[in-house]
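> Sequence:
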Amino acid sequence: MLRKVDKHSGVPAYVQIVNMIKSEIILGNLQQGLQLPTVRELQAIFDVNINTVLKAFEKLKAEGFIEAEQGIGYFVKKDIDVDKKIIEIIKGCVRELRSHQIDFYTAMILFEEVWKNEEV
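Numbering (my numbering), first residue to last: 31 to 150.
Result set (DSBU-like, lysine-lysine): computed pairs, CA atoms no more than 35 Å apart in a straight line:
#  : residue 1 : residue 2
1  : Lys-52    : Lys-114
2  : Lys-146   : Lys-91
3  : Lys-91    : Lys-34
4  : Lys-34    : Lys-146
5  : Lys-34    : Lys-52
6  : Lys-37    : Lys-114
7  : Lys-37    : Lys-91
8  : Lys-115   : Lys-85
9  : Lys-107   : Lys-52
10 : Lys-34    : Lys-85
11 : Lys-114   : Lys-34
12 : Lys-34    : Lys-121
13 : Lys-37    : Lys-52
14 : Lys-89    : Lys-114
Just so you know, the hints here were simulated from the structure itself, not pulled from any lab data.
Here the structure is a predicted model, which is why all the values come from computation and not from measurement.
Put together the whole structure using the sequences plus the hints.
Put into structure tokens, the structure is as follows:
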């Protein structure tokens, strides 16, 4: 769900936009090949400067989530492949964490620490 950015979160607005759009794509709420709203429409939705939306789009393009067609607009890339098994694994982890009364922020700290320290 696309919503206004939290200007008091300490996270740059363009990063919040990137994360919102990325999560919508990964979860399948923005289908591959779909044309995204215009930059001006997103400016109004996110309640940010137009350059903030453009910066977010540049990052999303660089990360391979969207593509631009000159004079037409921005589109969700068609070849994004997120394994549905991964999403199910994450859902299972979230259910398990909640069953142990672990809140979101504690879970994120745990995830970050394990991510940094786990050898591949």
